[in-house]
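Chains as they are written, first to last, in my numbering: chain A, 515 to 752; chain B, 66 to 297.
It should be emphasised that the hints constitute simulated quantities derived from the structure, not laboratory data. Glycine residues also receive a C-beta, built at the ideal position from the N, C-alpha and C atoms.
For the chain B half of the interface with chain A, some residues (derived, Cβ under 7 Å), not all of them:
#, residue
1, Gly195
2, Glu196
3, Glu198
4, Ala199
5, Ala202
6, Leu203
7, Gly204
8, Ile205
9, His209
10, Ile214
11, Pro217
12, Ile218
13, Tyr294
Chain by chain, the residues:
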Amino acid sequence: MVEVKNIYKSFGDLQVLKKVNYRFKKGKTTAIIGASGSGKSTLLRCINQLEEIDDGTIIVDGKKINEYKHTALVSKVGMVFQQFNLFSNMTVLKNVTYALTKVKKINKKEAEKLALAALETVNVADKKDNYPQTLSGGEKQRVALARALVIKPEVMLFDEPTSALDPEMVNEVLDEIKKLTKTGLTNIIVTHEMGFAKEVADEVIYMDEGKIIEATNAKDFFSHPKKARTKQFLNKIL
Amino acid sequence: MENLFNYHAIKEWIPYLLKGINITLLIALIAAIFGVIIGIVLVVMTNHKITNKLAVAYIDVFRGTPLLLQLSIIYFALPQIMDRLINDYLNFNISFQIAGLTAAFITFSLNSGAYISEIIRSGINSVDKGELEAAKALGISKFHVYKDIILPIAFRNSFPSLMNEFVTLVKESSIVSIIGIQDLMRRQQIVTSQTYMYFEPLVIIGIIYYVVIKILSYVGRKVEVKLSYGRS
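Next up, chain A with everything else stripped away, as it sits in the complex:
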């Protein structure tokens, strides 16, 4: 579904991705783990062109991403951010309908119907007229999830979706993501929640210093890590 081939990315003198190769399996959930600065968020952000790669190719659904019209690419690839990034001057409902009406050109009434259904699935429909500032972190992230889902993407990117949440709200968001992993969506999740990765991920990638150190199925990854650096990392955090 998503394949990255020999990608490189630098920010000025800092090389963040060094020849990264990976094929994300269709309909599966892949967790990307690693220390801060290992390049995992950058890898994710390259897939929907929030960052442009310096070299290499990224293929989504059989086609190179630079051959897509940007709007066509993002209708296949949804994203949920660490800081929710809801539009602060729009109500919850407007946040979710906005891209439907402006990008997909769906009429307002139909868009609102779709948006309400999406809000319903993540249990925040009752907040539809609120502004984001009045919501809890967990609610904000669920709205952000609805906003990404309503586009009906085939790939969903999660950039540390629970890192900005208060501890008591982490689970309500993880529960929603967990539901998504059973819908056939291709999920790619950058996370620090090892327990969650263990539970929902089919595949796990461990990154360090801009390279993929180890990538395998979740069970083997956590029970029999092969590389010394992976073991070291897991020992430190588990």
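Given the structure of chain A, go ahead and fit chain B onto it with the hints provided.
Below, chain B without anything else, positioned relative to chain A:
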């Protein structure tokens, strides 16, 4: 008490003093409107390599010198230098007198433009980069990002500062009295010259300024709450 504040003697002058508020507000309003326009132009200019230096210099000069000096240059010095340049060197005979009110409009607009450009710029900078990323990740066009996200949020965030600038303009406009414009301050001077009273007309115009500014602040706060999107 009667000797302290001679209401009886000032009473007949109150309507005359009150009329000064029209000029005061007119200058502030014109300066605010053109100040916003000039401010936007300056923000656009600072974003382009070629015009950046010019805009920065403009802002620097207007913020780095007193308003009274700027007004004096436009009203007194500019006609004189024009006269020397055109009439003396080229042997023309054109009158370069500038009307006081015109000079005031120009000076206050140019001056507030420099301040307002800084306000607008920081308003645009205050828009959360994450929201812009989210818009990009959803495929929203640049035009819609500006129209629906950046400008409304920048306006909301800079509204208190813009209101503050307007209040400052109302107060600062009192310096136009030195070029003879009959604003509140000038009218007080005229009343004083007619009645030999300083205290009474000063108290009256003080109250007028204060009440007008209170009303403006009140309206400003109401609008601010409207713009806060449930934030406050």
